[in-house]
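Novice: Here the protein sequences line up with chains C and P, keeping their order. So for the first sequence, the numbering used here puts the first residue at 1; every next one is plus one. So for the second sequence, the numbering used here puts the first residue at 1; every next one is plus one.
Careful: at least some of the hints might be erroneous.
Only pairs whose alpha carbons sit at most 27 Å apart, straight line, appear in this in silico BS3-like list of lysine-lysine [unchecked claim]:
(1) C:LYS101 / P:LYS14
(2) C:LYS255 / C:LYS219
(3) P:LYS14 / C:LYS82
(4) C:LYS216 / P:LYS98
(5) C:LYS209 / C:LYS255
The hints are simulated quantities; they were obtained by calculation from the structure and are not laboratory data.
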Amino acid sequence: MRRCEMVSIGAGPAGLAGAIEAARNGVEVVAFDENERPGGQLFKQIHKFFGSSVHQAGVRGFNIGNSLLDEARKLGVEVSLKSVVLGIYENNVMNVMIRDKIEQVKAERILVATGASENMIPFPGWTLPGVIGAGAAQTMANLHGIRPGKRLLMVGSGNVGVVVAYQMLQAGCEVAAVIDAAPKIGGYGVHAAKVARHGVPFLMSHTMKGAHGKEKVEKATIIQVDEKWKPIPGTEKSFDVDTICIAVGLNPMNKLVRMSGCKTVYVPVLGGLIPAHNPNQETSIPGVYVAGDVSGIEEASTAIIEGRIAGLAIANSLDYLDEGPFIEQRNQQFQNMEGLRSGSHGDARSKAKEYLNAVMKG
Amino acid sequence: MRIDEHPILGTFDKGKKVQFTFDGRVMEGFEGEPVAVALRSNGVLVHRYTTRRNEPRGVFCAIGRCTDCIMVVDDVPNVRTCVEPLKEGMVIHTQVGKGPEMSE
């Protein structure tokens with residue numbers, strides 16, 4: 001069995017940031033990631049981030065990814081790719097499938113940063129080739145340089161919906177419309193306005209009725225909904241599209257961390273079942289930490305800060321970082337976080353995080 | 001389907017062009033890119049037909065999570081083509097149901 005001081009599960013923004021802060025203080029860190037390339041979903045984020053300079057506002061996502069990777073490498077973080085953590089067992093023991101072999105690894109501290117997966121809404125025809133997640137559209141266009149289709153319909157007007165709709169325009173696709181069952185656009189106005197300036201209609205209070213086509217999507221039908229989100233017969237509209245992108249939110253990838261036996265709470269505003277954690281990002285299982293989307297759906301910038309807090313706390317708990325500097329550095333991160341958890345959306349997330357901490361205290 | 005010039009990303013450095021076959025047809029793609037991307041650039045969207053209802057399926061998540069895009073690659077069934085890197089001479093088949101039995 002291999003032993004190490006800290007394992008990061010996931011080498012996305014949260015996992016890398018945690019690994020960096022811990023390694024900077026002398027902790028020996030291994031980051032496992034199931035993908036061929038590290039960075040999580042950062043490398044398909046080609047838009048500029050929000051916030052202030054401490055949040056790297058104005059920097060495009062993939063550049064943030066590159067700087068995190070550089071930093072991790074310089075600090076000697078071992079990034080093990082194509083490595084799937086299959087299970088977390090008692091005493092922080094994990095089974096890890098590294099390429100084709102299974103290895104047992106025991107870590108003094110585990111940072112679970114497994115991220116999120118996309119929500120879906122089923123409708124007749126939703127399994128047809130051409131119905132894809134908005135993340136898939138981003139992956140194809142921004143990572144692999146291929147258009148998902150010629151003309152597409154975006155379902156969902158949250159941040160992912162409006163950002164990806166704009167990215168599809170940048171990729172040279174036509175966007176027939178952005179629809180949302182909610183009466184108001186959910187995403188940031190800046191992104192929505194960019195899409196609207198291209199003449200893309202936003203159809204609020206509309207949902208999918210069906211996708212049609214023999215072997216692949218040829219047409220989409222939408223229908224208006226009333227204030228109780230019930231479809232109104234006779235309000236159907238059709239679009240000739242070859243692609244339907246679904247952007248209806250994310251849910252935390254919590255299956256692995258739940259194997260540790262940690263306490264979880266259902267928190268709709270954070271996207272689903274969330275591991276309870278304290279302000280150091282530690283769960284109810286001592287030595288098991290969470291950061292990023294798995295600890296509540298937010299953004300890459302908040303994931304980075306949560307990762308840094310967890311990394312600092314881990315370094316402190318392993319006696320690599322004294323209490324004084326730890327508190328000082330952690331408070332700096334809390335302060336950085338405040339700026340990102342402001343406004344009506346931010347306040348709700350902030351309250352939800354306090355609630356998770358209260359659950360920890362019992 | 002391929003993006004020649006992207007306003008933010010410029011051109012995509014794709015590397016070496018290679019040949020592969022899809023259901024017996026010779027196609028071209030770039031070495032190391034996901035098999036699904038190479039297929040899409042050749043207009044292939046249907047990757048398999050389901051076991052019970054024989055319905056067409058293709059790429060859905062594109063990050064190796066949903067397994068909707070599985071195909072038979074070099075005689076191995078259930079390969080997630082959205083994360084499988086393309087190699088020269090790969091033999092790719094549409095998967096029907098669970099695909100062919102593998103010999104030991």
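Novice: All hints are to be evaluated individually against the structure, with a verdict given for each.
Specialist: Status of the hints after comparison with the structure:
no.: 1; hint: C:LYS101 / P:LYS14; result: 30 Å, violated
no.: 2; hint: C:LYS255 / C:LYS219; result: 36 Å, violated
no.: 3; hint: P:LYS14 / C:LYS82; result: 21 Å, holds
no.: 4; hint: C:LYS216 / P:LYS98; result: 21 Å, holds
no.: 5; hint: C:LYS209 / C:LYS255; result: 31 Å, violated
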